[in-house]
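Student: Going down the list, the protein sequences come from chains A and B.
Letter by letter, the first sequence follows residues 1 to 819 in the working numbering.
Letter by letter, the second sequence follows residues 1 to 300 in the working numbering.
I should point out that these hints are in silico values taken from the structure, not numbers from a laboratory.
Careful, some of the hints might be misleading.
[What the hints assert, rightly or not] Partial chain B-side listing against chain A, Cβ under 10 Å, derived:
{"hint": "1", "residue": "93"}
{"hint": "2", "residue": "95"}
{"hint": "3", "residue": "161"}
{"hint": "4", "residue": "217"}
{"hint": "5", "residue": "219"}
{"hint": "6", "residue": "220"}
[Unchecked claim] Taking lysine-lysine pairs in the DSSO-like style, the calculated list, with each CA pair at most 30 Å apart, reads:
{"hint": "7", "chain 1": "A", "residue 1": "249", "chain 2": "A", "residue 2": "152"}
{"hint": "8", "chain 1": "B", "residue 1": "163", "chain 2": "A", "residue 2": "46"}
{"hint": "9", "chain 1": "B", "residue 1": "134", "chain 2": "B", "residue 2": "161"}
{"hint": "10", "chain 1": "A", "residue 1": "771", "chain 2": "A", "residue 2": "258"}
{"hint": "11", "chain 1": "A", "residue 1": "258", "chain 2": "A", "residue 2": "155"}
{"hint": "12", "chain 1": "B", "residue 1": "198", "chain 2": "A", "residue 2": "46"}
Everything numeric in this text was worked out from a predicted model, so none of it was measured.
Ideal Cβ positions, reconstructed from N, Cα and C, are used throughout, including at glycine.
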Amino acid sequence: MQFVFQPLAWGFLLVLLPLLIHLINLVRHRRTQWAAMEFLLESYRKLRRWVWLKQALLIASRMLIVAIAVAMLAQWVSGSRWLAMISQSTTHHYVILDDSASMSDTSSKGTAYQSALGAVQSIAANANTQEGSHLLTVIRASRAALASAKSKVEKSTAADTKKTPTDPTSASAPAKSPEQQGPQADSVAELLSRTIPTDPSSLLSKINSTTQTSLDSGLGESIELISPLLQQASSEKSIVYLMSDFRSKDWSNPAMLKQQLQSLPTTNTELQLIDCVAERHENLTLVSVLPQQEVLAAGVPAMINISVRNNGIAPVRNVSVRVHSVDYGNRQIEPAPAAPFSGLITELPPVLIDRIEPGELVTRHVQVLFPKSGSHVVEAQLPSDSLNADNNARCVLDLQNGLRVLLIDGDSTGKHSFFFESALNPGGNAKTGLIMSREGPEFLRDADLAAIQNYACILMQAVPSLDPRALQNLHKYVSQGGGLGVFFGEQMSTADYLRYNSVWTKPIPSADNTIPLMPFSIKGASDLAQVAGDVKPDLIADNHPIFEPFFGLSNSPFQFVRIQRYLELEKELGDSKSADAKGNASGWKPVATLRNGKPIIIDHSIGNGRVLYGLTALDRQWTNWPQDPTFVVAALKMVGYLSSFRTPDAARIAGTPMRWDFSSQEMLPEIQVFCPPTVSNGAKSLLNVNAMPAGESAFQASLNAMSDQETDDSLRAVLAAGNFEWWGTSIQGERVVKNFARNTTPGEGETEKVQLIDLNRALSGVKFTYKSSESLGSNTALAGFANRNMLLMALLLLLLLFEQWLAWSASYHLPGRKT
Amino acid sequence: MPDSKEYLHPEAIRRIASMELRARNIVEGFLSGMHRSPYFGQSVEFVQHRQYVPGDDLRHIDWKVYGRQDKLYIKQYEEDTSLRCTLLLDASASMNYGRGSLNKFDYAATICACLAYLTLRQQDAVGLTVFDQKIRSRLPWRSSRSHLQSIFKSLQQTASKDKTDLTKVFREINDTYPKRSLMVIASDFLGSEAETLKGLAALKRAGHDILVFHVMDDDELDFPFNDPTRFEGMESTDALTCNPRALRDGYLESLQRFLDRVRHACASYQIDYQLIRTSRHMDATLTAYLTSRMAHMRKK
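Could you put together the complete structure from these sequences and hints?
Tutor: Below you can see the structure in the form of structure tokens.
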């Protein structure tokens, strides 16, 4: 048995009081000499059973009256449907608040999130006018999603630790149960099973101080979180409120969500979908602000792609996108907490877009130039509309003075690298931002991985064979985000190709990533047959970043490119996506083909990096492409492409962990992080981060929303969208800044709402009611109509009357005085 | 001037220890309030005239004298002294019950004392028999004034005890008092009901005029007990612990049936029956006696 006021349940001991009084009365009887015993005994013999029965009933009724009175005072909670008719029932309101970025929609009064908070207040107010006790649990979707992600990480870490038999701590650590490993509601919920007081304002003050986040958290994790609570509390009535904006992207085909909702207990559980946004409205979304995959270096113009999507239902004309660059190259700058950026802000000419059709994504380029190295920012801004969360986006350009490119030449004279060197570093006034280095194949064997990783990309030509250690270094380099270009040589023999086939196509032993460096086998060199009258160029480029400048041209830029010989593969090559046993994704595809359809350039991904295979030799005997102007463009784009995968985070979605690795010999470990202003206070938050040692002479400073050390305030700051300025101090005392850009997920701008009929179809089999947040507050007047306390009082009154009648019937009342 | 009725109240009686004083106070107080003088009854031998005083029976006014002298005179006759009254007092243990001013025995003894005083005042003969399951003391009929002291002494020295056995007692009385007389029985009749009725019938068959004073305490008639009580029998070893309120109705019902049977039996035997509460005034008792005496005299 459960009671709202559990201590008052001790009052049930009073039930024994009538019995005790009866026994005491029997013991405390007086003695009297009696003459007319005959008549008394006759009466006793006649009424003995009836008197006993009435007395028993009387005591039982008095005990029952005391029990009911105590149960009323303690507010008995019964799970039984029938007992609930006379006992106080408990209604548990589970509120799941969607606090994703789309809840900042201001199409109605205030934001959608504020409407949701108003709906929570209505629930609390309604609860006070209804019978029984009411409990409130409020969970924000973002917190549940973070807890779920954190739990997954911990499980993964635990699994890895478990696989390491040499780790003594893992052997001694007790294994956690699955329940222990999963996120717990008490650590996530804003309010957990709190009794709703008469004045709920103090209870709701905490939740009212929250705002929507910049995340795209779904509701699934929250439902998973409350599911065990619902299972455990089967005795109480449960109402689950999903407060969201019900966008089509989330609710049109919510298979996972439907499965989770179906897993909720059906008895005593009611599901209410509370829509906090009235209707769809026009909305432009800044989908991305990203640098193109090209050479990014100080003093080299960088192209920034700005993509805008029209998520409304009507075409939009004359969209003006404000763009500004923030230059952090000046060594003298200091943190400016009051200003939007501490760097030098330069307003760039706005990007004008004539027309964007509904659903259309339009990308425009902006050229920016940062003369000095540093962590620079480019930010774009759309005009204000009902959903401002998706109107801003930015990216960070961590520019060095030059990008180091390693050329590995199979010939000691370096003759095969000539064309690349000429194209990438022409000299004179032409500044490409590249710093070229040429080494022999043995460099890859002798150098350690750290030395190799100093290079943005590696271009390898005419290397007949590589030492296994060199192969291992290359594989690691690529897996960790490096870029490798492989071109073959004109003097390579069939034996060399066979060596490639036998070594390069096999997984590297002891490597985490078992995807081989070369996903195909080379058959041998072949001549490209020349067909008279064929107007097709020898080289046909696919839609790939390295050929991006040639997109949209009416005529092929490769008209004058001739390819005489090429390497033929063992089998026909097509698009392929696969994964190794460890789940590492692999994909390879031809990005350029020959006239006969055979691939000539293949893009292969390994881990975070890429390998571009050029199936020809950069030699006049094989092709004249290195002498064609398109080669220079393609080579620069190729270096830009291959080096782009090791570029630090240019822009990520909000909530993505941030990490800064630096040398302990260059900087102090104390880091100040200025977070972007939040919606609630409008000011930048300052977080102090102490970098932790990470290996020899290295520090690692990180901010992670999934960290246990984050407080509520720091968590709110970390989850915001905007630019995070990390300020450190060099050994010499100079301030060093590094920026991290975190943007709102573009999908949050898709404002199309799901129709009720679609929702019914999508959630078929799930019983729910759908209402707006405004209608939730209108039920107050009708609440409390049936007050169960009145029923209990009536029952108690009836029992008292019955007791009095029984007492009278059992001659326990004195007869009226006769005059 | 105090009301004469006050002397008849049991509370007032209780304060008088002497049985003689009790009897005198009660009888004189009772008589002073009566309109009709009870002292002289009907007889054939004229004695004298006396001037009428208020309270005299109008039937005794000599209208011839009134016609001659225009004054009211009462004719007085020589009184019949042939009345023999036998007082039978129950002194069984059950008569000892009473929570009021007088217990049943005290009340019954006082009645007997009063009746003896009244009887001897009228120069009738009176006898007294005290009994329980047997006759404990017996005084023969006498009409002398000194006999009154013997009766008072006997009443004061008697204490109630033992059971009641009326059949045996009444058989002995029949043997003891062979002549017809006015038998006044003061008892609670709490014994064997059948034996009681059988004894009364035997007395009646012997030709006696019988006046029964059924003396009951208020508690016995009303059963006003509320709290849990252990009742212990006064003439038996029976005991009962109970909630009296629960048994009250059944008790009163049984008692009423008993009283009805006794009353009906008396009526059928032409026995005058008076149910006397120990809380009531004595006047009802004395009135009942005088009525019975007059009826007895008329029969003679």
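Student: Now look at each hint and say whether the structure bears it out.
Tutor: Each hint, compared with the structure:
The beta carbon of residue 93(B) comes within 8 Å of a beta carbon in chain A, closer than 10 Å, and the hint placing it at the interface holds. Hint on residue 95(B) holds. Least Cβ distance to chain A is approximately 8 Å, under the 10 Å limit. At a threshold of 10 Å, the smallest CB-CB gap from residue 161(B) to chain A is about 13 Å, leaving the interface hint violated. Given hint, residue 217(B) at the interface with chain A, holds; its Cβ is 8 Å from that chain's nearest Cβ, closer than 10 Å.
At a threshold of 10 Å, the smallest CB-CB gap from residue 219(B) to chain A is about 9 Å, leaving the interface hint in force. With 10 Å as the threshold, the beta carbon of residue 220(B) comes within range of chain A, its nearest partner Cβ sitting at about 5 Å, so the hint holds. Proposed proximity of residue 249(A) and residue 152(A) is supported: the alpha carbons are some 25 Å apart, at most 30 Å. Proposed proximity of residue 163(B) and residue 46(A) is supported: the alpha carbons are some 25 Å apart, at most 30 Å.
Annotation: proposed proximity of residue 134(B) to residue 161(B) holds, straight-line Cα distance about 11 Å (limit 30 Å). In summary, the hint linking residue 771(A) to residue 258(A) is supported, as the alpha carbons are separated by about 18 Å, within the 30 Å threshold. Our distance criterion of 30 Å between C-alpha atoms is met by residue 258(A) and residue 155(A), whose separation comes to about 25 Å. Annotation: proposed proximity of residue 198(B) to residue 46(A) holds, straight-line Cα distance about 27 Å (limit 30 Å).
Comparing the model with each numbered hint stated earlier shows that hint 3 is the single one that does not hold.
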